[in-house]
Structures are given as C-alpha cells and as structure tokens.
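For the sequence shown, the working numbering gives the first residue as 1, with consecutive numbering after it.
In short, the hints are calculated from the structure, not lab data.
These figures come from a predicted structure and were not determined experimentally.
Fair warning: there could be bad hints in the mix.
[To be verified] Straight-line C-alpha distance at most 27 Å; calculated DSS-like pairs for lysine-lysine:
(1) K16 <-> K51
(2) K51 <-> K29
(3) K16 <-> K45
(4) K29 <-> K45
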Amino acid sequence: MNGAEFIRRVRRLGRKRNIAATLESARGKGGHQTLRFGDRLTVVKSGEIGKGLLRAMCRQLDIDPDEL
C-alpha cells in the first residue's frame with residue numbers, strides 16, 4: 001500500500017464512522033503530509049508503506065489495520 005491509498009482508505013472509513021478525515025499538506029516536509037482523523041493525527045509519506053509503518057500509523061489514529 002502507498003500513502004495515497006492509505007489516505008483514501010482512511011477517508012472512506014471516516015465517512016463510514018462519521019469522523020472527519022482531513023489532510024494538511026502544508027504541515028509536512030518533502031513527500032510527507034499530516035492526516036487528521038477526528039482528534040488524532042499521523043504523518044503519511046508519499047511512497048510505499050511497509051507493514052510495520054502501517055500498523056504504527058493505524059495505532060496513532062486508533063484504527064484496526066484490518067478495517068482498511
């Protein structure tokens with residue numbers, strides 16, 4: 001999974017749960033962006049995301065990785 005796909009899936013999950021999922025491109029350096037999911041946030045990189053990083057980002061957003 002890459003960063004854009006992760007963002008799409010989190011936004012879809014947010015619509016399903018009625019939680020705002022917003023992207024802040026200005027708050028990040030290089031190929032990184034900040035993704036807010038309700039009151040939680042994580043930094044998403046633009047390239048490929050490995051399993052460990054995916055789990056860490058989901059933990060920061062309080063999402064089960066299997067829901068994506």
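Hint check:
1. K16 <-> K51: holds, 24 Å
2. K51 <-> K29: Measuring from Cα to Cα gives roughly 22 Å; hence the hint holds.
3. K16 <-> K45: holds, 24 Å
4. K29 <-> K45: Cα-Cα ~9 Å, so holds.
In this structure, none of the earlier numbered hints is contradicted; all agree with it.
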